[in-house]
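Trainee: Chain by chain, the residues:
There are 2 protein chains.
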Amino acid sequence: MSELKRQTELVETIVLKYLPDPEDRHQHTVIEAMNYSVTAGGKRLRPLIMQETYRMFRGQDEVVEPFMAAIEMIHTYSLVHDDLPSLDNDTLRRGRETTWKKYGDAMGLLAGDGLLNYAYETALKSFDLIEKEESLFDTSPETAYSRYQSCAKALRILADKAGINGMVGGQCLDVEASLNNMTLTEEELLFIHEHKTAALIQAAFMIGGALAGAGKRQIERLERIGYNIGVAFQIRDDCLDVIGDPAELGKNTGSDEKDEKRTYVTLHGLEQSEADERRLTEEALELLEGLPGKHDFMVELLMSLLGRRN
Amino acid sequence: MSELKRQTELVETIVLKYLPDPEDRHQHTVIEAMNYSVTAGGKRLRPLIMQETYRMFRGQDEVVEPFMAAIEMIHTYSLVHDDLPSLDNDTLRRGRETTWKKYGDAMGLLAGDGLLNYAYETALKSFDLIEKEESLFDTSPETAYSRYQSCAKALRILADKAGINGMVGGQCLDVEASLNNMTLTEEELLFIHEHKTAALIQAAFMIGGALAGAGKRQIERLERIGYNIGVAFQIRDDCLDVIGDPAELGKNTGSDEKDEKRTYVTLHGLEQSEADERRLTEEALELLEGLPGKHDFMVELLMSLLGRRN
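Chains as they are written, first to last, in the numbering used here: chain A, 171 to 480; chain B, 171 to 480.
Some clues are possibly wrong.
Under the rule of at most 20 Å between Cα atoms (straight-line distance), these lysine to any residue pairs were calculated in the SDA-like manner [as the list claims (entries may be wrong)]:
#, chain 1, residue 1, chain 2, residue 2
1, A, K272, B, D330
2, A, K272, B, S348
3, B, K431, B, D258
4, A, K431, A, N350
5, A, K272, B, A347
6, B, K271, A, P255
7, A, K271, B, L349
8, A, K295, B, D330
Covered, in the sense of this in silico footprint (three residues per stretch, anywhere, with C-beta under 8 Å from a C-beta of chain B), are these stretches of chain A [said to hold, decoys possible]:
#, stretch
9, 198-209
10, 253-264
11, 311-320
12, 339-348
Note that these hints are calculated values from the structure, not bench results. Bear in mind that the values here come from a model prediction, so they are computed numbers and not experimental data. Glycine residues also receive a C-beta, built at the ideal position from the N, C-alpha and C atoms.
Make a model of the complete structure from these sequences and hints.
Mentor: Below you can see the structure in the form of structure tokens.
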């Protein structure tokens, strides 16, 4: 089994471990819908990046796990709300019915709300893990305080990159553009890519670093790496909407063309897009070299995205 | 000017201070829609309760302010999403158009998401205020750590009471009941009231206490007070849907009857409902007596809810 496959399975276990239990409760339907969305699979790219960044700076440790699950919940809630009839009206994702298609649009809305909120409930569990660890090793109050601060810093990054100055902000311009049939400028399109897609990938790198005690300059470098990887990822998505195979992708292609949507590919052409995807990735790998720890798996992970087919 | 009016105006200023600035940005529409929803007015009950509980335990202090704004944002996001066509399909709230009616349902959805996420961004600012305060007074790391812990505790309460085990959980059963024309049992109706309405009012009391350093038993008592006040508040809402004046309420009445919805009033009758509202409030005031600090304004605030007309 490849290291990527092995790590993805490990991450899968961690994400599942933090999902709520539907049990026999009055709110079991919304919990089922939340879990249906999260367990639909996917690359688990954000938690993989976060865990590996944390390892580079600090090694293996449980404290990062709640944030790994949390970022995947936020990514998933954004897909669940995107798919709703009032936004993209999509019925198929990752080869199965979208959440609202299966549970109705009222429950799709609530499942998204539930996931976003549960992401914060989950990330906050890192504080408990730190408290447990501190009392276990009977560390000094200075150490305890400083680890608590790193957790607060990670929460701030998550909230900032997920919200109106990050993912939701990008989503907003994207929605306005389609509602008003706007022809996006290159700058506007880049704003959408940076915010809607790259912000959460930046958060994955930055939170991994922040939680592990990385310094300010190192976190800024992680932010730049995340920017490059995030924008490259979105360029690839735009390419796949043209040249991808619906069976491999688990979703329909050609939707951008059908919607006459301006994308990186319509602006720059396929060849230039693929060249830019490669350049952004290579720049990210160069930036990575200035960071501590072993980089073998991070390089493998980032290279696996380049030219991906789904 | 009555003390209640004066305090409400103070709280209003604090809530507005923490709203995002739309400026001239690509995401200005979603920010405008968020601010439109929050500035629609309302009683500001949750931040009022939170501030007064904090005062009882610790006195006047800036650290509670971000949480006061945050809880109002969460309350508002829940109304914005509730009003959407896929849920209640309401067009009028607090005497003006609902958010989706004014900005379209795609932007209504995003404004709700933006508000929920921004609530956490905002609450996290309490950590900054604590850091500033600690460095200002050059306190011991033990003190700094313990204040940080109280802030983490407040965040946990907020996330728990706003999510699937709180507000979203209550909303879920309420939605399922209307979609499936379920006749609610008394126990199910109470579950909805406890979760959809009381949970966030409990959070207001509990966060005020937790942030101010209240002990475990005191926070449990605050939770019970919040339960009583929250359920009494919802009973009053059910009464007002029957006997309220639409002009005073700023929304349409009779919707429960029209929807053949089972409410506290349909289950117990108007007279019993009003008696229960009073009993729950009086019990809360008795519980309050066991807590430290001055209670004059808290009593005035809670009594102002009893038999309210809007």
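Trainee: Hint by hint, which ones does this structure get wrong, listed from lowest number up?
Mentor: Per hint list: single violation, 1.
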